[in-house]
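Enquirer: Listed below, chain by chain, are the residues.
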Amino acid sequence: MSKSRLSAYFYRTWPLYFMVIPALVLLIIFNYGPMYGVIIAFQNYNPGLGFTGSPWVGLKNFNFLFHLPQFKLLIRNTLVIAVSKILSLQLCAIALALILNEVRSFLFKRVINTILYLPYFLSWVVLGGILLDMLSANGLIGQLLKQYNINSFIFLGDAKVFPVTVVVTHIWKDVGFAVIVYLAALTGIDPALQEAAAVDGANRWQRIWHITLPGILPTIILIACLNLGSVLDAGFDQLINLYNPSVYATGDILDTYVYRAGLISAKYSLAAAVGLFKSTIGLFLILTSYWLANKFAGFRVF
Amino acid sequence: MISEKKWTDRLFDLFTYVLLIFLALMCIAPFLHILAVSLSATAPSMGGFVKFWPIGFNLENYRKILGAPAFQSSFLISLERTLLGTSINMLVLILAAYPLSKTSQEFKGRNVFMWVFLFAMLFNGGLIPTFLVVRGLGLMDTIWALVLPGALQIFSLFLMMNFFRDVPKELEEAAVIDGANHWQILYNVYLPISLPALATLTLFAAVGHWNAWFDGAIYMTRAENYPLQTFLRTVVVQLDLSRLMVDPNALAQLSNRSLKAAQIFVTIFPILLVYPFLQRYFITGIKLGAIKG
Chain A
30 MSKSRLSAYF YRTWPLYFMV IPALVLLIIF NYGPMYGVII AFQNYNPGLG
80 FTGSPWVGLK NFNFLFHLPQ FKLLIRNTLV IAVSKILSLQ LCAIALALIL
130 NEVRSFLFKR VINTILYLPY FLSWVVLGGI LLDMLSANGL IGQLLKQYNI
180 NSFIFLGDAK VFPVTVVVTH IWKDVGFAVI VYLAALTGID PALQEAAAVD
230 GANRWQRIWH ITLPGILPTI ILIACLNLGS VLDAGFDQLI NLYNPSVYAT
280 GDILDTYVYR AGLISAKYSL AAAVGLFKST IGLFLILTSY WLANKFAGFR
330 VF
Chain B
127 MISEKKWTDR LFDLFTYVLL IFLALMCIAP FLHILAVSLS ATAPSMGGFV
177 KFWPIGFNLE NYRKILGAPA FQSSFLISLE RTLLGTSINM LVLILAAYPL
227 SKTSQEFKGR NVFMWVFLFA MLFNGGLIPT FLVVRGLGLM DTIWALVLPG
277 ALQIFSLFLM MNFFRDVPKE LEEAAVIDGA NHWQILYNVY LPISLPALAT
327 LTLFAAVGHW NAWFDGAIYM TRAENYPLQT FLRTVVVQLD LSRLMVDPNA
377 LAQLSNRSLK AAQIFVTIFP ILLVYPFLQR YFITGIKLGA IKG
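Protein chains in written order, with the working numbering: chain A, 30 to 331; chain B, 127 to 419.
For reference, chain B alone in the conformation it holds in the complex:
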């Protein structure tokens, strides 16, 4: 029994709430500012007058961005890589996690496979050899350069494998008695029971693809092949026009401050769209990774 609250406790509570609200505001303020700039007229935003409320409210910046061919095409490339890449990631992941979740009696050679995968998770050839392999395969300037090199996520594979290992053996044995083979067991027993883990890993893979920019920057030699994040980078981070085969005037127009802000917001938008789901599966995902073992 905790008796009536003392005034020190109330003060403590007040302090906690105020501190947390302050931190949350600090965290969200940059986004509110960028949103305000994107909705403002060019002159006040260039002059640095816009804080957290638009001045000269208009949607012109968004209209310009969404009408710019360079922006549209990179948006579509990002969409394509996200859909194709996430599908391939998940297919590879599910297919490999199932056999690896078996014991080494059921799946002879499992331990060898495990070590081969684990070693590749702990050690890698590094950026340059990877780049040379991708180039050597002739993948430069193709969508496959954005999809295949990262298609196998070993850490996610281990998470999925751990999840599959928790599937009750009785369910599987019942299916075996009914004459089910491994394909049927995976499809009818393992997948339905693992939906939360699958949703988590799918969302993470999709967000990863949507946010990836570096592969676009090194594997795409022509700007018209850039995915959205790589394109955005040329506009907001590096104004290095020399390597780009894009019309410098068009790009200069896109790099006006309000337009930049609008582009940043359009790039964030798909993430905000899936954010409620992300948040829901977020904690499941972390627990899957951190508490296991």
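Chain A on its own, in the form it takes in the complex:
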């Protein structure tokens, strides 16, 4: 491009570059800034000396981390909680979508959906507060179980029961949201197929099994692939609001450990190392998930 054409180009397009500046400034400070700051994982960070001045220690923090007795536990808890959440949430969402699809009344469907979406829009502080109250010794659940002479569980204080509580309450919060993708996919199925099957004598179950389910199979595959990217995200917001030291054996995850080590105990470098470990694996997982989603479902980010 000649100089005059270049200046003509910028005369027309400078607003485009100008518009992207605010986002770019925020990106550099709050996204790439911390990415640079992650070098403290290889330092013995000292707040007085900052990112650049703190002494380098190589892989010492990682070495310490991998020999930490809790480390295996943290990984296991993270994976167990995240994978059980993904599987059970998606199964519930698919089942719910299939059931909702059988409802003819638009109004009824609408009312049910309105109720099911509600918890999605509330914070885990609110939901955690409600659950702590309901599941406490004197809470609603305990009272109801006592009425029917059933021994109550210690839902939030027993390490065996805790992961189940976490998964069930996660479904409570997110199923309304998760079901939407499947409902959208169901509207894409040609009603003529259903009618043809009915004429051929297929009953409800056969129609669901042979027409509806295959109809949303591409969506199921897509969501399954994309979810692979989040098998290390066990849900910090939920766990930090529900867990307590008596369930660390099953409820302590990488993210909550980072928070406690870094911001409560001020072991910045160790916590940053755990964070870097997680986000590096997370990056590979998400790239793999995008690749699979693209391969099997034609997914593209943009």
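It is worth saying that the hints were derived from the structure and are not from the lab.
Where a beta carbon is used, it is the ideal one built from N, C-alpha and C, also for glycine.
Each hint should be verified, as a subset may be incorrect.
[Said to hold, decoys possible] As a list, the in silico SDA-like pairs of lysine to any residue whose alpha-carbon atoms are at most 20 Å apart:
| hint | chain 1 | residue 1 | chain 2 | residue 2 |
| --- | --- | --- | --- | --- |
| 1 | A | Lys138 | B | Pro402 |
| 2 | A | Lys175 | B | Ala155 |
| 3 | A | Lys138 | B | Thr142 |
| 4 | B | Lys132 | A | Arg133 |
| 5 | A | Lys138 | B | Ala155 |
| 6 | B | Lys234 | A | Arg34 |
| 7 | A | Lys175 | B | Pro156 |
| 8 | B | Lys132 | A | Ala227 |
| 9 | B | Lys234 | A | Tyr40 |
| 10 | A | Lys138 | B | Tyr407 |
| 11 | A | Lys138 | B | Tyr143 |
| 12 | B | Lys228 | A | Arg41 |
| 13 | A | Lys175 | B | Trp179 |
| 14 | B | Lys228 | A | Pro44 |
| 15 | B | Lys228 | A | Arg329 |
| 16 | B | Lys228 | A | Leu53 |
| 17 | B | Lys234 | A | Pro51 |
| 18 | B | Lys234 | A | Thr42 |
| 19 | B | Lys132 | A | Val228 |
| 20 | B | Lys132 | A | Asn232 |
| 21 | B | Lys177 | A | Ile170 |
| 22 | A | Lys189 | A | Ser165 |
[Unchecked claim] Sample of chain A residues with no beta-carbon within 12 Å of chain B, all distances over it, derived:
| hint | residue |
| --- | --- |
| 23 | Lys32 |
| 24 | Pro84 |
| 25 | Gly87 |
| 26 | Leu88 |
| 27 | Asn92 |
| 28 | Gln99 |
| 29 | Val109 |
| 30 | Ala111 |
| 31 | Phe182 |
| 32 | Pro192 |
| 33 | Val196 |
| 34 | His239 |
| 35 | Leu242 |
| 36 | Ala278 |
| 37 | Thr279 |
| 38 | Leu321 |
On the provided structure of chain A, position chain B as indicated by the hints.
Expert: Chain B alone, transformed into the frame defined by chain A:
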């Protein structure tokens, strides 16, 4: 033609309706219970007698909460961050989505920008470095710590960009022939046509700000700077008074069970207020995200 319904079909329908009503009741029951507790007298609620109907109905708990200075100030902080934060989010989002929706011929360097944004969406420095950056900038205990670190939502940016790309090119070309520049095209052509997407993303940003509590917990060192959700957490989830510079007696008073329930409900209330709109734009929003691509 589907002939007269068979009895198995009717049974199936009945089962479906009963199951769905049961699920919906299970989903809503905790909120009804908390509402009942918040409207009950202290003694029956502390004794665990309140189920889904208030015992000793009174509005005293709400009067106490709304009159408590700590609650009022955190409510105002949340309101401020939601209004300021949502405005900044949307301004940044719209301004960046417009150029990125152009082709790389129209906007040279677009692909470089896209990769820089995408990489930041997939990889992050993590909690601790982010915290140190915010602290290093001197944002601790200011409203900016609640507003700026999350002001750029890259996923929403891509959604908006995808939406802008669907704006018919003919409209834009007509505007160019009329002599419109990029600012005018964005304002007069793109924005009016994208109102549903804008409404969706604005609502999501606002709900996100209203519900955020963690940034308040780590960037605010003094309890009087806490936004509502962070304040609520100190009352209903962790009764860790040691870190708080708030009068322990006042807080203990606020943590009585009926009062807690009333606080939870006041915190939910703004969400319930916008809920009809949320629901309406909800599906648009999801489809924007999931079906695109």
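Enquirer: Given the hint that Lys175 of chain A pairs with Pro156 of chain B, test it: the Cα-Cα distance must not exceed 20 Å.
Expert: holds, 18 Å
Enquirer: CA of Lys138 of chain A to CA of Pro402 of chain B, is that 20 Å or under?
Expert: With a Cα-Cα distance of about 15 Å, the restraint between Lys138 of chain A and Pro402 of chain B holds, given a limit of 20 Å.
Enquirer: Report holds if the minimum CB distance from Lys32 of chain A to chain B is greater than 12 Å, and violated otherwise.
Expert: holds, 15 Å
Enquirer: With d taken as the least Cβ-Cβ distance between Asn92 of chain A and chain B, does d exceed 12 Å?
Expert: holds, 18 Å
Enquirer: So if I understand the rule, the pair passes when the alpha-carbon distance is 20 Å or less; does Lys175 of chain A with Trp179 of chain B pass?
Expert: holds, 19 Å
Enquirer: Once the closest CB in chain B is found, is it more than 12 Å from Gln99 of chain A?
Expert: holds, 18 Å
Enquirer: Looking at Leu321 of chain A again, its CB stays over 12 Å from all of chain B?
Expert: holds, 14 Å
Enquirer: Over 12 Å from every CB of chain B: does Val196 of chain A meet that, or does the non-interface label fail?
Expert: Holds, because the least Cβ-Cβ distance between Val196 of chain A and chain B comes to about 15 Å, which exceeds 12 Å.
Enquirer: Holds or violated: Lys228 of chain B and Arg329 of chain A, Cα atoms, limit 20 Å.
Expert: holds, 18 Å
Enquirer: Can the restraint linking Lys234 of chain B and Arg34 of chain A be considered satisfied, given a maximum Cα separation of 20 Å?
Expert: Within the cut-off at roughly 14 Å; holds.
Enquirer: Checking one constraint from the list: CA of Lys189 of chain A to CA of Ser165 of chain A, max 20 Å. Satisfied?
Expert: Roughly 17 Å between the alpha carbons, so the hint for Lys189 of chain A and Ser165 of chain A holds.
Enquirer: Would you mind confirming whether the straight-line C-alpha gap from Lys234 of chain B to Thr42 of chain A stays at or under 20 Å?
Expert: This hinted pair holds, its Cα atoms lying about 9 Å apart.
Against the hints set out earlier in the document, no violation occurs for any number.
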